[in-house]
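**Q** Chain B: place on chain A using the hints.
There are 2 protein chains.
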Amino acid sequence: MKRAAPLALIVLAAMIALFWRGSTPAGKSVVSLLITGGTVVTMDESGTVLSNGAVAIDGATIVAVGAAGDLDARYSARDRIDARGQIVMPGLVNTHTHAPMVLFRGLADDMALMDWLTQYIFPAEKATVSPEFVRVGTRLAALEMIESDTTTYADMYYFEEVIAEATKSAGLRAMLGQTIIRFPVADAATPEEALNRAGAFLREWANDELIVPAVAPHAPYTLTPETLKSARALANTYSAPMLIHLAETRDEVDTIAKERQASPAMYLDSLGLWNGRSLAAHAVWVDDADMTMLAARGVGLSHNPESNMKLASGAAPVAAWLTHGIRAGLGTDGAASNNDLDMFEAMRTAALLQKHASGDPRALPARQALEMATRRGAAALGLDGKIGTLQAGKLADVITVSTSSARQTPMFDPLSHLVYVTRGTDVRTTVVNGRVLMREGRVLTLDRVTVIKEANAMAEKVRAAVSKGAGQ
Amino acid sequence: MKRAAPLALIVLAAMIALFWRGSTPAGKSVVSLLITGGTVVTMDESGTVLSNGAVAIDGATIVAVGAAGDLDARYSARDRIDARGQIVMPGLVNTHTHAPMVLFRGLADDMALMDWLTQYIFPAEKATVSPEFVRVGTRLAALEMIESDTTTYADMYYFEEVIAEATKSAGLRAMLGQTIIRFPVADAATPEEALNRAGAFLREWANDELIVPAVAPHAPYTLTPETLKSARALANTYSAPMLIHLAETRDEVDTIAKERQASPAMYLDSLGLWNGRSLAAHAVWVDDADMTMLAARGVGLSHNPESNMKLASGAAPVAAWLTHGIRAGLGTDGAASNNDLDMFEAMRTAALLQKHASGDPRALPARQALEMATRRGAAALGLDGKIGTLQAGKLADVITVSTSSARQTPMFDPLSHLVYVTRGTDVRTTVVNGRVLMREGRVLTLDRVTVIKEANAMAEKVRAAVSKGAGQ
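Top line first, the protein sequences correspond to chains A and B.
Our numbering applies: residue 265 is where the first sequence begins, and numbers increase by one.
Our numbering applies: residue 265 is where the second sequence begins, and numbers increase by one.
Hints listed in this document are in silico derivations from the structure and should not be mistaken for laboratory results.
Predicted, not measured: the structure shown is a model, and the values here were computed from it.
The beta-carbon is built from N, C-alpha and C at its ideal position, and this holds for glycine as well.
Be careful, since some hints might not be right.
Unchecked claim - Not the full set, but computed from the structure, chain A residues with beta-carbon under 8 Å of chain B:
hint, residue
1, S293
2, L371
3, L575
4, D604
5, K619
6, D624
7, P629
8, V685
9, L708
10, E718
11, A719
To be verified - Per the computed footprint, the stretches of chain A lying under chain B, defined by three or more beta-carbons under 8 Å from a beta-carbon of chain B, are:
hint, region
12, 310 to 319
13, 374 to 383
14, 476 to 484
15, 651 to 664
Chain A extracted, bound-state conformation (with noise of 0.2 Å):
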């Protein structure tokens, strides 16, 4: 009798052990986020694909990926999105965009590029660029981004600090470069202001949880070498990355090619640009020398195949660009020239140019377009440590899917129906740095009647500049 009671105890204890961990939430982690049940498209480097997977989030950071059965006897979840029936994925980062410019959507399109910009673009732009049309048009930009499928983007704009304001507030993640142009514009009447407002700028918004503040000097061939050169040493100072336009089309070359006798791509290097993080937007005339150099700086590059073929700039050599190891990532350029924010159209445009101006149709596989759109996209905005992939540790940058609709089914392969009939207008919910933005396809953060009302009221004004600008 005196061996059998510890003997009893022991086991006692033990099963009060395994009834407490097993059945009260005391003994589970807590979590602020629990999102379970759908299939997880992680876009990890292996590819793991998990059918009935989970995603655990606490606060920022995603803390676990698993099975959701498993992530359910782990965790206890102070919220709970139920993705059953949904894919389960990153937020797309967009690699490229001027976001206030959706204002600008569709008021010209089927033109050539050079009336384009002096008859509407320029005249508009001249007439209405503000800091108050900035932030309405930054706050439509992020309704649409939240809306579709972005969690993450690249801007080039004016008064970026305006758009910082509104884009964090709406609750994005965006690298958000302040212009550097030759010519006056609407925050600057020179490109030393331009510089001035970018160092105020990197130094009021270093350190954010969101924006990730950078210089961006506009285009080889609308800046002077000194200034180009001014502008990487002043990014390098604050260790911020420089966001710049290169080899978007055939003219541009051969004015390069004449007033420097290099290639873009070339020019820069030989002026040190790319000496510190760099994304490059374009990038659609670069020969194999350029490639190698660029995937040897580790310059990102962004391609954006609506805009370059709505323009008619041409198809970049994007395989090439994989098969030389530059990190590539997917843009949607501004909303004047695609005319959308929508990074599922430019996967499926991005997959399909390939095929077409390599005639390969394996060229650019679904596979990899979605990579481009997420972890690859990441890595070319040198965030690939934080954002891009789920995977335990990773900032809680993540979508929801539906994919219920005629149009998706059947459904044999996730990935194919990502790249090839997903649209923006099918993601549910919206998740960044662990804040739900989006649910139920709801806009949270921002009220979009007010915001679709604002820029409405300011597209007025775009009118009215453009038929005056065209009267004149």
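**A** Okay, now just chain B, sitting in the frame of chain A:
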């Protein structure tokens, strides 16, 4: 006083008449359906767009298109659709698809054409295509088309009589071509048997209100000259249209050049194949002489930009088709190579591809892409007297499109928005032949749960067939 009395009576009578006419239904014409309050994009020859317009429909026919106030005053309607804040336009015309192939959607992508056909599509078709497969697939395709934007489609497949039944039951309009091909296929062991089936199909479905039966010899390279001529003769016996694939790939052009010393278009002309109502799909590889001849013969052509890009077949010279005066429509092709049936995507991709392929951003402007999806597409099918525009006397095939999303804000030009930012998911109402098939996003003629469940069950058979085929 004697003269005052009649005057007072006349005034009183006039007042009563005015009151009567203005305020009671008895003074108005009664119609079956009034769609009122939207921006009416008629797609007529002069490009009429009415803000706050209306469309009055009686039975199968449009009886009036005009200002909402005017039509409200003239008509009393048994049913009304409030289209305020929406665009009201002709339903879209998909001039080329293989409806049941939605069951192979995303089965295999990103492959060389012959691998895709021999490893996936042919084994899957061999093992699964049956009347039941075709019925289930057509119902899924019809659900997708009604949920998106299409009111008329042209089809080439097997068991076309089953497709006709399912299409009519769903309420869609279609031109359906019974396939004739050299190889043994699911519904015919020989081309002779296929011709007999086609004859029976033409007789059975003659004079149907919604279905136009047709003969569909597959392509110049999959039939003997004799069978091609027999197919044309059969069509002409019943005054039926002929549907055919034409000059889709460079390989086809090379094959026909070698065997027949002519282009595919000219080879078929030498056989007299264009002597009668004809619709040819793809026509990617046609030269000036081909186009001049096809225009003279009144052949309708169907451009399928997404399928052509995905399979890397090339870019059809659509801008040149139009300058040659060819009847030019748009199509999606089957969902195995698209991967959906959304005609808004087809429009957008067509506009982008022409700009890219020609190097001219002015190529195929929004208005022309829209015309190809409506009026010109109807003309390609020889149905332009009946459908393709919103005009009194035309059959009532109408859709309404929501424009309230952030993605569609602001709207400077409805035509630009329809081509560059609208998706099938924006469509709220679908009317065919005066019958409402979808109201407020809800399909009325098909039970979507059953349709999707049956499609998923059939997809399991497809999956099994392909795994088995891959294992051989």
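**Q** Each hint should be assessed against the structure and marked as holding or not.
**A** Comparing the hints with the structure gives:
With a cut of 8 Å, the hint placing A:S293 at the interface with chain B is violated, because the nearest CB-to-CB distance is about 37 Å. With a cut of 8 Å, the hint placing A:L371 at the interface with chain B holds, because the nearest CB-to-CB distance is about 5 Å. Proximity of A:L575 to chain B holds as hinted, the smallest CB-CB distance being about 5 Å (cut-off 8 Å). Against a cut-off of 8 Å between C-beta atoms, the interface hint on A:D604 holds, since the closest Cβ of chain B lies about 5 Å away.
For A:K619, the suggested interface contact is upheld, since its CB lies about 5 Å from the closest CB of chain B, less than 8 Å. The criterion of a C-beta within 8 Å of any C-beta in chain B is met by A:D624, whose closest approach is roughly 6 Å, and the hint holds. For A:P629, the interface hint holds, since its Cβ comes within 8 Å of a Cβ in chain B; the closest pair sits about 4 Å apart. Interface hint status for A:V685: upheld, as the beta-carbon distance to the closest one in chain B is roughly 5 Å, under 8 Å.
Restraint check, A:L708 versus chain B: the minimum CB separation of about 15 Å is more than 8 Å; hint violated. Evaluation of the A:E718 hint against chain B yields a violated restraint, the C-beta minimum of about 10 Å exceeding 8 Å. Proximity of A:A719 to chain B holds as hinted, the smallest CB-CB distance being about 5 Å (cut-off 8 Å). Restraint check on the region 310 to 319 of chain A versus chain B: 0 residues with Cβ-Cβ distances below 8 Å, three needed, restraint violated.
For the region 374 to 383 of chain A, the stated coverage by chain B holds: 5 residues have a C-beta nearer than 8 Å to a C-beta of that chain, and at least 3 were required. Coverage of the region 476 to 484 of chain A by chain B is violated [criterion: at least 3 residues with CB-CB distance below 8 Å; count 0]. Counting residues of the region 651 to 664 of chain A whose CB lies closer than 8 Å to any CB of chain B gives 0, so the stated coverage by that chain is violated, three being the minimum.
The structure does not agree with the numbered hints 1, 9, 10, 12, 14, 15 stated previously, though it agrees with the rest.
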